[in-house]
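**Student:** Listed below, chain by chain, are the residues.
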Amino acid sequence: MRRKRSHLYSFVLACFMLLACIQTQAAAANLPPGTSKAIVFLLDASNSMNSNDRERLAKDSIAQLIYSLPSNYYVGFAAYNTSVVSSIGMQDSRDREPVMEAVDAVTYTGYTNAGAGLTTAMELLDTVNAAEKTVVILSDGEIIMSSDDATAESSRQFQAAVENAKTQGARIHVIGLGADMADNDNTIFSASAQTNGINYHAPQSTDIQAVIDSILQEQLGVKKTRSAIVDTDGGTEDITVNIPSANTSRTRILLTSGSPIQNLKADFSAVNGWQYSGSRYTLLELDHPTDPAVHITFQGRAGSQVKVDVISEYVLTTQLQVTYTDPDQTEPEVEYSERVADIAATFYDAGDTDRQMLTDPVFQGLLVPVMVDGDALPCYLKDGTIAFQRAVTADAKVSIQFDFTKLDTNLILEQPVSVDLEGPPVLPEPSPEDYRPQIIVGSLILLALVAMLIIRLASRRKRPKAVPPPPAAAPVAETAAPAARVEETSRYGYVGRLNIYITNTLSGHDFPPLTYNLFRIPGGKRLSLQEILDSCEVDEPFEGADRIFFQPGAGHCLLLTNESDCTLMQNREILMKGHSYEISLNSKVDITFEDERSEIALQYRDVKPSDMRLLAAEPQ
Amino acid sequence: MKIISQTNRTLLLEEFNPEKLDLLTMIGDVRGIDSLSDDKIKEINEALLCRSYEEFQEKFAPCIYSFYDANTQTVRYTLKKPESIPENMLTEIPLNQQNDFLKMLFSLMEAKKSQGVLNVDFGFEHLLDMISPKKVMEDIRQVRKEIRYNYGKYAALEEGDPARLDVGDKLNVLFESASDNYNNVLAMLPLAIEDIKTRLLLGAGDQGINPNQIALGMLTMGDNGELKVLEAPKQETTALATIDDHINTGLIEALAEDYQQVNECPTDYVKDLVVRTFCPLPSTIQTQIDVEREVANYNSYLQFYKEAKDGFIKVVKPLVEKMLGVKMFFDQYKCRVKGMVPTLLVANIRPEMLAKSTNLPTLHAYLNSTNGKNNFSDTVWYAIFPNVSINPKEGAKLRRERFAGNIHKQNDEVNSMETLATLLDVLKDYQVETFFSFEGRDDTTFDNVAAEGIQKYIDRCEPLVGRPYSEYAIPCIPNFTVIPKNKSGVTLDKLMTINDDNVAQLSDAKEDIMRLWIEGVYIGASYVAAGFRAACQCPDYLHDHYRRKKYDSELPGVRYDVESGDHALWTRTTMPKEITGFTNTIKDQINRRNFGWVFASESAALEGKNITDITIYKARNLLYDPERATYEPAYKTQVTTYIARILRHATGDFKEDRIKMFFSNNPASQKSLWVAKQDCINAVLDEGDDLGYSIDESTGMCDLTIYFDGNARNLEVMINRLSSKK
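Residue numbers (our numbering), protein chains in the order written: chain A, 28 to 647; chain B, 4 to 729.
If we strip away everything but chain A, and leave its shape as in the complex, we get (with noise of 0.2 Å):
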């Protein structure tokens, strides 16, 4: 049944022809700069191909590629057989149809001059400015000319043709077709190993579509997702697509088929859609789909199978926003050193600068690690926005690259981006006043705040000391002002191990050393010394022990906050009561309590991912 589309356009499309395309120009997105890349394939078209593609399949594969490529590709074309007898390029996505056009006309007579071919594959690369570049050579024997002398010659332009691929960076990919590229030692299949390629063979022509397929997603990073693969019996096929997030800047519905596919017709909500057919593919290309649910109906031939993609692209703009957490000036002991810029990325439509993209539920919770300044940070999409902190010294520029190869969908963004990051305020210089004054009463301060301190240590030897209580119930809330920044969960995870020496107790006891396995714990989840203690079965009071907290933190270290009297050392230093530090691998901090006697010696360490599988067994 059709269903009644009340959105921007509603089409509906019926093909019986080969191609039916109602609308041939796409709607050319404006592609953020530096994220172009370029393609070019380059065919075999000799004499030869007539026996190893008879059914002259290989057409419809290049097209199956051609159409897959997201938006930001730049598509060319080149066939050769005695010399070169086809070439187009450099086409943007609203241009791929003149390809498809030059593929069809190709006839497959002459000899094997792929040294021409790839000569005019890379001068074909040379015209665009492309991030990436690759070539993809489809061939069913070597390098054969008429003579001797002409084989050599067009061995010597593909070697040089090798060599410039080799010099600007591009990828070549080859393809083999039948038996006689059954062997890698040819001359075709060494542009690959030069040049960082990979070399595929497909014994028949029926092969080449699966090696295609696995170019597109192993060597290009095209994301596909296979929505269904219908068997059909010769009748009408119905079938209900669901585009797998919503908001898609494009997708594209590939059918592809072993026989031709025929009387396709789609229902579907979206600012624009083309269709483009082959014997034996459809494309369906949908520009903004505003319903994630494309109805398709068809007919294949009986006994045969079509298989279903969608692939989804986002072209996206980042915007990024940046808040400092400074340390409280009032304090006198301050460090600005430590002040931390929490940066919060969200994408925007690239066409429509508005529309937050990425909220889709989908991606919630995805894993996107990002790259600042050379450091990986393990990061993960919330609500279409990845934050992430960093600690900022000074005035600085920090370069980010977002790592999307997680999600199943195509984005087209501008990487990396950039963002200002101002540094601490700093002091105001004193003025040169008179302080003695100041000095004066100040000296009758600090004697007073030494007296009472006197005072109340005095006091409070006689008191008893409490045993702390339970983690669980222990005030975390209640803590001083500063922690207030560090949330219950890290966006980090746990990697490493401490290891606990406890080396001094009001008791006398003694206790083996310990080791609490922190990569265990799941998630970011903020740990007090005190539960690590009791998980370890410490029964030993240690005053001050709740009261001082672990986060997992960025490039694998731990963030301790201390918001305890205890007095916390580390490489000479004391770690000051309110203020959270970044604990290195391999690094120790010495705690002393705040009874005054109890000690602890922390050692936190890193865990080889082999003893990480054995360790995991144990009981924590």
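By construction, these hints were calculated from the structure, which means they are not laboratory data. From the three backbone atoms N, C-alpha and C, an ideal C-beta is built for every residue, glycine too. Take these hints with a grain of salt, some might be off.
Unchecked claim - Okay, the calculated bits of chain B under chain A, using three or more residues with CB under 8 Å as the criterion:
#	stretch
1	35 to 43
2	96 to 105
3	717 to 723
Given the coordinates of chain A, work out where chain B should sit on it, guided by the hints.
**Tutor:** Structure of chain B alone, referenced to chain A:
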């Protein structure tokens, strides 16, 4: 430039002399610090680092303390200086090459090595009597001869003659040596025993004359300095028919005076004894002999001497065994050109003390300073942890003692498995491979392994398998036997009796034979294993043993696999063979899982020569590979550590671009340099080995894979991305 100049510094986790400095004391307080200063490391090296046994002896001066207990009328010994006893009541007995017990053990080992015979054929008793009074007297006879010769020269020279002063100096040295004996009553006992024997048993002994026919005699010195017994004067005569002269009178006076000066409570009896023992000339001194009293004295001296010696040996044996271990550690390095000499850092502290929670941060700080830097001159590569308890504490089986059996007392001196596990956990963080061996007893020897196999060791090591530190733990078996328990009896002498004719004679009764039992002396296998492995690190050592093979003078022998080919025959320990070998069943048991660092006393020949030394049969650690059901060879761990350290150094702490250069095919890359030396005996990458790496850009991790003849070993390092190019 050689990045790593040594790969064989060894940390010995044992205590030798509590009065000397130890590792913990020297490191001091480490609160708030991660590592120690260079000055501190230098100071520790000066105090605790040894390059030879002699240096060890000098730095740690192992000794034992003795004092007398009036209640029991016995002499007591202790290894730890008793704090409640005043200094003047305490005697410190240094355990050096002059000590008769240690000297006897060294001689015994040398003799056994040179004879190359098995324990079963070796005549232990010939060497064990080196601690009997008779042998002590032989040594004194030599000193006495020199005194007489020099005093003769001294008396002959005119006063003021410079030559006389030179002789005087020599005499001072000799008197000092003699006074070592008469200063100490216990040291005088063997002299007194021999003196009484000589005086009472006139004509007996060597000539085989019936002791019943002896007459009372008197001890004097012969012309050549030897003791002589002259027939005692009759009651009515007071003179002895010997020629007197002024030289012996002078010497007698000198000795008597020296004794009076040196000793705080001089007695006439001992004074006479000293004079009789050391006077080198025929003497005019006459001594009246009370046979009954002398025989009683002799018997009590001998009894006391036996008890004292017995007590001494019981107390000193564990310390001496450790000292022998140290000697054997250094002895393994027999090399013509000394290159990378093995060095031993003696912690001089009991391991259980080091393994306390309070002290582990201190050990961490030290190891972090030596092993956590890109300077490898002080890096500790191995540790020795000897004397691990072989029997876990088990419920005592109650059974009626019908005959006197072995007393199964809890040995407090042994180290527990828990202590070992605690220290291994620390040492593995610094990639220190730990050789450990079990307590020295007759059931941890070659004999025992040959009879019972190695299952008990496998069971005992079970808690250490499958742990993060397993690959750093190397169990060494079996221990070496210096004196077997069943051949450790020493006959000191026989008691004396008086017959009906008032004649003294030696008793033939079985119960009157004064015999003491040393009860076996053993050397921990870990000392020898570590010493051997440390020696194999030296390129010159390997070159010495493989003259026909290529070697590289710079590369350490980290990849040297002693199990491979006939390596075990080319490079052997210096320990002599002990038994005829293990049975095939036992060897099958060892080979089934390839357990441990196992020494073998097998019959083998190399280039037509019989091998009389103990060889290495297996060299494995406790890292178990479940896929191949085998323990991993120990060398792999060190190669991995070595490569990781070189990689860290060469790549400026794992900079990505430099890692790529390190592994590249560029002829100047480190990998290429190692590959080019694959045919050397001390190659880091042997034939069939390879190095590979992969970098995971998203996590910033570099996976390093080392292929040992096809078997992969992985190492993960975090890339430093703060390269200036980025």
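**Student:** Now tell me if each hint is right for this structure.
**Tutor:** Taking the hints in turn, this is what the structure says about them:
| no. | hint | result |
| --- | --- | --- |
| 1 | 35 to 43 | holds (count 3) |
| 2 | 96 to 105 | violated (count 0) |
| 3 | 717 to 723 | holds (count 3) |
Hint 2 from the earlier list is the only one contradicted by this structure; the remaining hints agree with it.
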